[in-house]
Amino acid sequence: MKNGKVMAGSIRMMWRYKLRTFLMSIGVVVGVAVLVVIRSYGAGMEANIMNKMKQFFDATNIMVTTGFSADGPRTTLKLEDLEAVQAACPEIEAWDPSLMRRKTAQYRSEYHPVLVRGHSEHAELVWERGVTGGRSLDASDVKASARVALLGYKTADILFGDDDPLDQSIQLDGVPYRVIGILEPKGSDPHGEDRDDEIHVPISTMMRRIANVDYINFAKLRVTEAKYVEDVAERVEAVLRQQHALADGEDNDFSLFTPMLIKKMVARANKVFSLYLPLVAAIALLVAAIVIANIMLMAVKERIPEIGLRKAVGATDGQVSRQFLMEAFMVTLVSGLAGIVLGLGVLAVISARVDVPMPVSATAVGLGLAAAVVVGILAGIWPSRHAARMDPVAALR
Amino acid sequence: MIECRGICKSYERPGEPRLDVLKSVDLNIEPGEFTAVVGPSGSGKSTLMNILGLLDRPDSGNYLLGGEPVSNLPHARLASLRNKKIGFVFQQFHLLPRTTALENVELPLVYADTDNISDRAAQALCRVGLQDRMTHTPAELSGGQQQRVAIARALVNDPEIILADEPTGNLDRESGAGIMALFQELNESGRTIIFITHDAALAARAGRVLTMNEGILAEEPAQPVGGVA
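Protein chains in written order, with the working numbering: chain A, 1 to 397; chain B, 398 to 626.
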């Protein structure tokens, strides 16, 4: 008996016992669909976050932040700390400090609450963000604590409408600032801030005139080549600990973010998609296997006369066994394919809803199909052996 | 065709004495014979039939089928012999439910791995007069028609022997008579047929009648054909 004939027979059997086939297949369909959706969704989301991250943080960057202590935002990170870091690490091409305050900007009768960021003349290089009009901050602005400002294009639209903002004067807390440039569009950052609605002023101006503090919130470092990043980060940590006079065993009063760390953080955040939910899908498939084995066993019992008859007309034990194995296999294979199709459909809907491209995870499809096949074979073995070993005389009674 | 010498078969029953179902049965069947086996329930008729049909093995004794000793052949070889040399007809028909008459008849051919399966199955169905019922499922057929499908299935591989275990037991008198007529026709065209029956009138239509009683097989003297109808 050829395998093709066994297969055709299996498909006919599936069709004839539609309800049974449906009950057998539903677990596999759902399990495989969930697997495909979750793996692809997780991978898509991770790629999306990494892409966003890359706009603000590439492979040559190190971020030093103060974070929060129990008393609120820390005030321990100073410009001198970064100068010491720069002195100790020649691989650092440039660094840019940042201090932020929320202020209300005013132009004539327009008032607009906005996040104001202090930056240095290195901001353009370190953040890879220039201007679309006017000029960026320069060293003399910083040196002189000049009252000059760069506007995000949305901020400019809000304050100025159709007017040209360049060389116009806006007010922050009633103090006039001259608009010297419009920042390049950047979209929203990983914190969800709209980076096109903000104002940049020189860091010195921010520290002395606006915030009146001697610390910064964070600094971004740019290393000449990506291969030095992790090594430099270690030295940065050592220098900062020394600067802050931290004793051995004392926790850092700052945080360092390196590309590798961020990748790990994103991956950890996505662990629920890459590990836990697929595990749930795997358990669902295991349950499906048990259900299928159960239904197959019931089918074998129900079909005892059929087995006896098949043996009487010349089926060998192997052929009977193969038939039942093939039936379980075909049910799960077809269910697996259906699950993949269902998964792809759901994925397309989700992808369109959240507007994030979610390329189909080939691993997920392969895994889903493999899981379905394994489930089919596992679920089929026991009932098929049971059927094959049946005594034809007893079966026909 | 069939030569049995000293066939014994017994069953162990927990807590009860061993049940000797066949007690040294000797049997010779020549090609083209039409043989009826009669006897009370539990006398061992079906067990004999199963052994003759290679569905069961004797505990002892020799069984030669077409001159070939078959008592100790491996399972797969027995399956092949059942497929090619023997056609079974059962009291309960044993047709696959939800499956057309044609597909039911195809079944032995599927295991025989031959070509023209559908054509040969269709021919067998024509042979039993069901050319108009090929695509009907068992549920759509009468008892007599179902048994004809089963006979077509038994015939389809062109076996040397047809074994029928109470083929008319589940049928009304009229359908049963039709089935018997079909068997007679098949026998007249040269086929060896052995059937079990409880009905003395049916047994009388066979050329030879064997009586089974408590595991012992005995020959009945030939009766004038048509004497008891």
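Heads up, a few of these hints could be off.
Where chain A lies over chain B, by a calculated footprint (3+ residues, C-beta under 8 Å) [stated by the list, open to error]: (1) 450-460; (2) 474-484; (3) 491-498; (4) 506-518.
Calculated from the structure, these hints are not laboratory results.
Quick caveat, the model's predicted, so the values are computed rather than measured.
Glycine residues also receive a C-beta, built at the ideal position from the N, C-alpha and C atoms.
Hints, one by one, checked against the model:
no.: 1; hint: 450-460; in the structure: holds (count 3)
no.: 2; hint: 474-484; in the structure: holds (count 5)
no.: 3; hint: 491-498; in the structure: holds (count 4)
no.: 4; hint: 506-518; in the structure: holds (count 4)
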